[in-house]
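Throw the hints in and build the complete structure from the sequences for me.
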Amino acid sequence: MSDFVAVANCSEVADPGSMLVEVDDRLVVLIHAAGHYYALDDVCTHDGGPLSDGPVNATEGTIACPRHGAKFDVKSGAAVTMPATKATVAHEVKVEGEQVFVRLSNA
Amino acid sequence: MSATLTKTGFTQDAFDAFMSTRNEPAWLSDLRRDSWSRFTEMAMPSSRDEEWMRTDIRLFKLDKYSLAADAVEVSLPQALLATGVELGGRGVSIDSRSVESQLSEKWSSRGVLFGSLDTMLVEHGDLLRPYLERHLVSPSYDKIAALNAACWSGGNLLFVPKGVRVDEPLHSLSVMSDGGTDLGKTLVVLEEGAEATLLSETASSEPDGGGLHCGSIELIVERGARLRYVNLQNWGSGVWHFAHQMAHVGANANLQWTIGALGSRLAKVNQHVALIGQDAEAQVNGVMFTQGKQHLCYNTYQHHQAEYCQSDLLYKAALQDQSRTVWRGMIKVDEGAQRTNAYQRNDNLMLSTTARADSIPGLEIEADDVRCTHGSTSGRVDDHQLFYAMTRGYTRKEAVRMIVSGFFQQVFDRITIESVREALGEAIGRRVRDIEE
Numbered sequence: 001m002s003d004f005v006a007v008a009n010c011s012e013v014a015d016p017g018s019m020l021v022e023v024d025d026r027l028v029v030l031i032h033a034a035g036h037y038y039a040l041d042d043v044c045t046h047d048g049g050p051l052s053d054g055p056v057n058a059t060e061g062t063i064a065c066p067r068h069g070a071k072f073d074v075k076s077g078a079a080v081t082m083p084a085t086k087a088t089v090a091h092e093v094k095v096e097g098e099q100v101f102v103r104l105s106n107a
Numbered sequence: 001m002s003a004t005l006t007k008t009g010f011t012q013d014a015f016d017a018f019m020s021t022r023n024e025p026a027w028l029s030d031l032r033r034d035s036w037s038r039f040t041e042m043a044m045p046s047s048r049d050e051e052w053m054r055t056d057i058r059l060f061k062l063d064k065y066s067l068a069a070d071a072v073e074v075s076l077p078q079a080l081l082a083t084g085v086e087l088g089g090r091g092v093s094i095d096s097r098s099v100e101s102q103l104s105e106k107w108s109s110r111g112v113l114f115g116s117l118d119t120m121l122v123e124h125g126d127l128l129r130p131y132l133e134r135h136l137v138s139p140s141y142d143k144i145a146a147l148n149a150a151c152w153s154g155g156n157l158l159f160v161p162k163g164v165r166v167d168e169p170l171h172s173l174s175v176m177s178d179g180g181t182d183l184g185k186t187l188v189v190l191e192e193g194a195e196a197t198l199l200s201e202t203a204s205s206e207p208d209g210g211g212l213h214c215g216s217i218e219l220i221v222e223r224g225a226r227l228r229y230v231n232l233q234n235w236g237s238g239v240w241h242f243a244h245q246m247a248h249v250g251a252n253a254n255l256q257w258t259i260g261a262l263g264s265r266l267a268k269v270n271q272h273v274a275l276i277g278q279d280a281e282a283q284v285n286g287v288m289f290t291q292g293k294q295h296l297c298y299n300t301y302q303h304h305q306a307e308y309c310q311s312d313l314l315y316k317a318a319l320q321d322q323s324r325t326v327w328r329g330m331i332k333v334d335e336g337a338q339r340t341n342a343y344q345r346n347d348n349l350m351l352s353t354t355a356r357a358d359s360i361p362g363l364e365i366e367a368d369d370v371r372c373t374h375g376s377t378s379g380r381v382d383d384h385q386l387f388y389a390m391t392r393g394y395t396r397k398e399a400v401r402m403i404v405s406g407f408f409q410q411v412f413d414r415i416t417i418e419s420v421r422e423a424l425g426e427a428i429g430r431r432v433r434d435i436e437e
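Residue numbers (our numbering), protein chains in the order written: chain A, 1 to 107; chain B, 1 to 437.
Wrong hints could be hidden among the right ones.
Stated by the list, open to error - EDC-like cross-link-like pairs, simulated, lysine to aspartate or glutamate; straight-line CA separation at most 20 Å:
id: 1; chain 1: B; residue 1: 61; chain 2: B; residue 2: 178
id: 2; chain 1: B; residue 1: 293; chain 2: A; residue 2: 47
id: 3; chain 1: B; residue 1: 162; chain 2: B; residue 2: 105
id: 4; chain 1: B; residue 1: 293; chain 2: A; residue 2: 22
id: 5; chain 1: B; residue 1: 332; chain 2: B; residue 2: 364
id: 6; chain 1: B; residue 1: 162; chain 2: B; residue 2: 86
id: 7; chain 1: A; residue 1: 86; chain 2: A; residue 2: 15
id: 8; chain 1: B; residue 1: 61; chain 2: A; residue 2: 25
id: 9; chain 1: B; residue 1: 143; chain 2: B; residue 2: 49
id: 10; chain 1: B; residue 1: 61; chain 2: A; residue 2: 22
id: 11; chain 1: B; residue 1: 143; chain 2: B; residue 2: 51
id: 12; chain 1: B; residue 1: 332; chain 2: B; residue 2: 398
id: 13; chain 1: B; residue 1: 143; chain 2: B; residue 2: 281
id: 14; chain 1: B; residue 1: 162; chain 2: B; residue 2: 126
id: 15; chain 1: B; residue 1: 61; chain 2: A; residue 2: 96
id: 16; chain 1: B; residue 1: 64; chain 2: A; residue 2: 47
id: 17; chain 1: B; residue 1: 61; chain 2: B; residue 2: 49
id: 18; chain 1: B; residue 1: 162; chain 2: B; residue 2: 192
id: 19; chain 1: B; residue 1: 64; chain 2: A; residue 2: 25
id: 20; chain 1: B; residue 1: 143; chain 2: B; residue 2: 218
id: 21; chain 1: B; residue 1: 64; chain 2: A; residue 2: 24
id: 22; chain 1: B; residue 1: 332; chain 2: B; residue 2: 50
id: 23; chain 1: B; residue 1: 293; chain 2: B; residue 2: 358
id: 24; chain 1: A; residue 1: 86; chain 2: B; residue 2: 358
id: 25; chain 1: B; residue 1: 64; chain 2: B; residue 2: 126
id: 26; chain 1: A; residue 1: 75; chain 2: A; residue 2: 96
id: 27; chain 1: B; residue 1: 293; chain 2: A; residue 2: 24
id: 28; chain 1: A; residue 1: 86; chain 2: B; residue 2: 281
id: 29; chain 1: A; residue 1: 94; chain 2: A; residue 2: 22
id: 30; chain 1: B; residue 1: 162; chain 2: B; residue 2: 218
id: 31; chain 1: B; residue 1: 293; chain 2: A; residue 2: 25
Worth flagging that the hints you see were computed from the coordinates, not collected in a lab.
Computed from a predicted structure; not experimentally measured.
Below, the structure is given as structure tokens:
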């Protein structure tokens with residue numbers, strides 16, 4: 001298991017909103033929704049679109065791919081609407097003070 | 001060209017310093033400066049561009065690499081394609097700098113030129129100028145093409161005069177040091193009725209080495225000429241590989257172009273064959289094997305511009321681990337290219353459930369008397385084949401390797417050079433592990 005890496009200050013990500021960050025040579029979308037932070041691989045499993053360019057729905061707890069509208073659960077990365085059928089990878093997040101940290105999943 | 005560069009990065013200062021080291025004719029300097037201005041004006045490609053939608057290069061940092069680093073000494077990897085072959089000439093470069101070049105007197109005495117392109121330009125600038133000014137690879141195409149057009153160095157040249165038939169293969173090996181940059185350019189010109197075989201391979205000094213390759217290949221096969229060109233890409237697993245490759249095949253000429261794509265972290269290659277004279281023929285073979293998190297994207301384009309031409313493309317890929325391939329193929333037939341016969345096919349063998357192959361064939365036909373067909377298949381190893389092989393005494397690993405080898409046999413059968421078939425077969429055999437459920 002990798003270590004937690006500081007990726008952003010809390011004030012840098014609007015709620016609802018998202019931010020693209022690089023963690024150990026991997027692109028991750030950091031999501032702020034309903035007061036909580038989440039991190040997913042920044043890739044739609046349908047055709048590789050960048051989730052960080054898509055809208056966050058705090059009520060649903062989803063982020064949508066800007067290309068074809070596939071939605072992913074911000075917590076688990078599960079695909080919740082077509083055309084995506086496979087989950088994107090979810091990473092562990094913690095907040096300490098004003099700093100947001102991400103630890104990459106092994107997947 | 002012997003001065004040492006100390007400037008790094010792709011900045012104006014670095015480009016100016018690079019130009020000050022070049023001992024080149026003014027017309028070439030003008031071409032470079034024009035391309036440099038295009039490079040500075042254009043944005044890097046992004047996933048918003050149709051061609052790049054499936055190839056994410058946001059982790060690629062151009063400013064991590066040098067425009068031209070100082071010469072380094074590395075141990076040379078084994079040249080896979082040259083094993084057991086009687087060569088007519090060979091060349092070796094490290095980070096785009098030629099370190100070895102030789103051509104048999106038998107061929108040099110008949111006017112054949114083979115060696116480093118920038119060295120050859122010093123002596124044969126007037127001969128080569130028209131070919132470079134043709135810009136088969138347009139520097140306006142994208143920022144990557146512009147960068148290569150402005151800053152290429154080293155490179156390979158093969159020039160075969162009219163009617164000369166070179167019956168011994170020529171071989172070039174381009175090596176990249178870990179973290180190095182290769183901005184090579186290959187120019188092959190076969191004049192009318194000439195024949196030649198060029199085996200070209202790229203490799204890193206370390207199997208897991210990183211670096212940047214931004215290259216171009218231009219093949220000019222004139223009337224009645226025959227070229228067999230093999231390009232094996234075997235960069236280290238950390239290399240970013242970007243290339244524009246273009247061939248012009250003249251009337252009654254024949255091109256057999258084989259690509260082996262095994263290495264690199266991410267590859268984005270545009271391979272374009274234009275049949276520009278009546279009765280021209282091109283056969284394009286692609287062999288790809290990916291593993292780990294490799295991403296190889298090949299865009300192929302068969303452009304029929306004249307009547308009665310034939311093109312036949314077959315790309316086969318096997319994927320394991322979490323790797324990914326993208327193949328986008330297009331057959332374009334111009335309005336006047338009647339009686340065209342064109343075919344393209346891409347087959348993918350999935351060795352794991354987490355690999356992904358995108359296969360996108362396409363046709364754009366403006367003539368009304370043509371035969372154009374295409375096909376694509378993607379599938380897993382048949383469990384029954386695996387079971388049957390194991391009942392005959394093979395281990396599971398042997399059985400998988402045999403099935404993968406059989407998958408590629410169709411394309412190997414089209415490759416007429418034995419050393420190439422063997423090198424590709426062995427390289428793939430070493431990589432195959434098992435099928436991941």
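Status of the hints after comparison with the structure:
1. B:61 <-> B:178: 16 Å, holds
2. B:293 <-> A:47: Answer holds: residue 293 of chain B to residue 47 of chain A is near 16 Å, not above 20 Å.
3. B:162 <-> B:105: 18 Å, holds
4. B:293 <-> A:22: 17 Å, holds
5. B:332 <-> B:364: 5 Å, holds
6. B:162 <-> B:86: This hinted pair is violated, its Cα atoms lying about 23 Å apart.
7. A:86 <-> A:15: 26 Å, violated
8. B:61 <-> A:25: 11 Å, holds
9. B:143 <-> B:49: Judged against 20 Å, a Cα distance of about 13 Å means the pair holds.
10. B:61 <-> A:22: 12 Å, holds
11. B:143 <-> B:51: Between residue 143 of chain B and residue 51 of chain B the Cα gap is close to 13 Å, so the pair holds against 20 Å.
12. B:332 <-> B:398: 42 Å, violated
13. B:143 <-> B:281: 31 Å, violated
14. B:162 <-> B:126: Given pair residue 162 of chain B, residue 126 of chain B holds - Cα atoms ~17 Å apart, limit 20 Å.
15. B:61 <-> A:96: 30 Å, violated
16. B:64 <-> A:47: 28 Å, violated
17. B:61 <-> B:49: Cα-Cα ~18 Å, so holds.
18. B:162 <-> B:192: Holds - the C-alpha atoms of residue 192 of chain B and residue 162 of chain B are around 5 Å apart, at most 20 Å.
19. B:64 <-> A:25: 14 Å, holds
20. B:143 <-> B:218: 18 Å, holds
21. B:64 <-> A:24: With Cα atoms ~16 Å apart, residue 64 of chain B and residue 24 of chain A stay inside 20 Å; holds.
22. B:332 <-> B:50: Measuring from Cα to Cα gives roughly 18 Å; hence the hint holds.
23. B:293 <-> B:358: 15 Å, holds
24. A:86 <-> B:358: 16 Å, holds
25. B:64 <-> B:126: 36 Å, violated
26. A:75 <-> A:96: Holds. Residue 75 of chain A to residue 96 of chain A sits at ~19 Å (cutoff 20 Å).
27. B:293 <-> A:24: 14 Å, holds
28. A:86 <-> B:281: Violated, at roughly 43 Å.
29. A:94 <-> A:22: 16 Å, holds
30. B:162 <-> B:218: 18 Å, holds
31. B:293 <-> A:25: 12 Å, holds
Consistency note: the structure conflicts with the earlier hints numbered 6, 7, 12, 13, 15, 16, 25, 28.
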